[in-house]
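Q: Assemble the whole structure, with the sequences as input and the hints as a guide.
Same order as they appear, the protein sequences are chains X and L.
Here our numbering is used: the first residue of the first sequence is 1, the next is one more, and so on.
Here our numbering is used: the first residue of the second sequence is 1, the next is one more, and so on.
No lab work stands behind these hints: they were computed from the structure.
Intra- or inter-copy, both count: the list cannot distinguish identical chains.
No more than 30 Å apart at the CA atoms, straight line, and that leaves these computed lysine-lysine pairs for DSSO-like: (1) Lys-30 with Lys-315; (2) Lys-17 with Lys-164; (3) Lys-141 with Lys-112; (4) Lys-128 with Lys-30.
Number of protein chains: 2
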Amino acid sequence: MDRILLEHGSGGKKMHKLIREFFAPEFEMKSFGDSAVIDIINAERRTLNAERFRLAFTTDSYVVSPLFFPGGNIGELAVYGTVNDLAMVGARPLYLSAGFIFEEGFLINDMKKILVSMAEAAKKSGVKIIAGDTKVVNKGKADGMFINTSGIGVVEGGLDISPKNIKVGDKIIISGTIGNHGVAVMAERNGLSFNPPVLSDTAPLNHIIQEMLGYGEVHAMRDPTRGGLATTLKEMALESRLCFEISEEAIPVAKGVIGVSELLGLDPLYIANEGIFVAFVKNDAAEKMLDALKKNPLGRGSNIIGEVVESPSGKVLLKTRIGGTRLIDMLSGEQLPRIC
Amino acid sequence: MDRILLEHGSGGKKMHKLIREFFAPEFEMKSFGDSAVIDIINAERRTLNAERFRLAFTTDSYVVSPLFFPGGNIGELAVYGTVNDLAMVGARPLYLSAGFIFEEGFLINDMKKILVSMAEAAKKSGVKIIAGDTKVVNKGKADGMFINTSGIGVVEGGLDISPKNIKVGDKIIISGTIGNHGVAVMAERNGLSFNPPVLSDTAPLNHIIQEMLGYGEVHAMRDPTRGGLATTLKEMALESRLCFEISEEAIPVAKGVIGVSELLGLDPLYIANEGIFVAFVKNDAAEKMLDALKKNPLGRGSNIIGEVVESPSGKVLLKTRIGGTRLIDMLSGEQLPRIC
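A: The structure is reproduced here in structure tokens:
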């Protein structure tokens with residue numbers, strides 16, 4: 001047996017065998033049928049202050065093409081992406097579910113590689129994949145495989161991180177260089193190679209964010225994935241009803257990304273990222289946080305890229321290198337489809 | 001705009017517009033990007049006893065073909081399926097996430113119908129859909145649409161419902177007639193029509209189960225979806241290491257299902273169901289529970305179909321109508337692919 005068959009999605013013998021052989025050894029799944037039941041108050045030998053925690057809940061489907069790309073694959077993307085969505089509200093990610101849709105004929109070996117990556121990614125992130133599901137559709141009715149991960153985390157101690165909390169005077173920090181993930185996927189898709197290669201930045205951000213939170217007040221965070229930094233900032237400007245002034249010069253872009261973007265007419269501000277975040281932090285904490293971020297390998301490229309002003313409300317203004325001001329809007333159209 | 005475009009999955013303007021126009025009005029989504037944050041301890045004006053609840057977590061992807069079938073569509077299936085997976089461990093379902101994968105070109109009108117169904121199904125089930133995600137893949141790379149729903153519920157008061165708790169002497173109750181969902185989907189797929197039509201039994205089981213739990217001890221439950229009643233019973237026999245003796249005569253099958261099954265050589269025991277469950281209950285509570293179930297429209301067809309004996313361990317024995325005994329195994333191969 002080297003390929004996924006329709007019968008692997010039937011609920012019967014073949015499906016049970018597939019789960020037993022390939023999924024069960026990698027994950028701590030308590031549920032492939034009904035539900036996993038978890039005692040989150042007392043889990044992991046840590047007692048949550050039951051009156052003071054809220055639950056964070058998020059979902060994402062992953063349809064990246066190709067499934068394997070420089071620096072990662074769909075499996076780790078699916079784990080880190082959901083871990084990061086939890087981390088963005090200040091949650092400690094705890095549990096993930098994973099739902100798989102396979103196209104009939106998918107190579108078992110590729111599946112195995114992806115599952116192993118997911119297990120490693122879960123370990124690195126400190127989360128457990130406890131609920132799962134597998135479905136199979138006929139040849140030609142999907143594209144290899146799609147993964148959905150949903151995640152649960154806990155927000156402790158009354159922490160409230162949200163664009164509505166952004167304040168005038170907040171500094172805007174980016175945690176690393178932009179554009180890497182999108183360029184890595186695009187390169188693989190088009191058979192381009194760069195020297196040095198541009199790798200996806202897919203990574204778990206929960207640990208570095210927990211560190212950062214120790215240094216002062218963080219008002220809002222978001223990871224600029226689909227739509228890139230520009231779209232994310234514009235979303236947050238609209239939600240906060242404030243104005244963000246950012247400096248082109250301060251935005252870190254990797255050399256390889258600049259080159260490719262110029263060559264292909266892409267704007268790095270709109271290219272998808274995976275392992276970076278943008279944080280709106282209280283003015284007086286920004287420098288301390290930046291120092292702390294820079295000491296973490298995931299934050300080496302971090303920088304303060306701008307600050308929040310009162311008006312014009314909902315706008316993002318980019319000061320260009322040559323001294324002009326550019327109004328930044330959301331991505332219009334589609335630059336690179338199926339990037340995550 | 002009457003069809004889904006690749007740009008609807010870009011993260012940019014078109015995606016925001018789609019979400020604002022079609023998803024936001026139907027659901028109570030707090031998150032389409034990062035995470036929804038919920039205060040489950042104090043939610044819904046009910047205070048959970050914080051020391052005595054556990055969390056139930058489950059996921060399922062839905063790839064049913066066709067998307068619309070007699071008695072339902074993929075949207076309500078995706079809500080009820082996940083609600084029921086929570087209900088099967090005795091949880092009160094609270095929150096759902098919904099991840100959508102669209103094939104480019106999908107009709108906006110069909111999407112709208114499906115979203116409206118999901119909203120109605122959520123309302124009927126008493127759950128809130130609070131987190132979501134939309135992705136779009138190129139024409140020919142998916143089959144219309146796929147939906148993943150994940151769900152969170154609370155198991156209160158130390159309730160522990162699991163096949164490991166099944167005991168010798170337990171009565172086995174089925175809550176309704178078997179085979180309806182599978183036959184309804186198959187009929188639609190093959191352009192067959194029956195008179196009266198066979199409708200999918202897709203329905204939320206959480207309320208009827210909460211009622212039943214008031215009448216006595218329930219040791220285990222499961223909804224016999226993919227693989228049918230036979231596969232579900234075999235799974236549970238293996239997990240409990242006990243033997244189930246069931247009676248063919250006692251298993252309710254709708255007339256239309258019997259006819260089609262004979263015609264097409266299908267075995268109703270292996271046909272997928274959606275809105276029924278099988279429960280293992282303490283002997284002395286079984287009759288009271290059955291009376292209660294029969295009063296609920298979802299339990300009208302309920303019956304006691306057998307009981308649990310010590311050995312042979314892991315076996316399901318069916319007493320046939322003509323007095324023989326048939327050993328029941330899991331579904332082997334694939335009877336009806338893409339049933340849910």
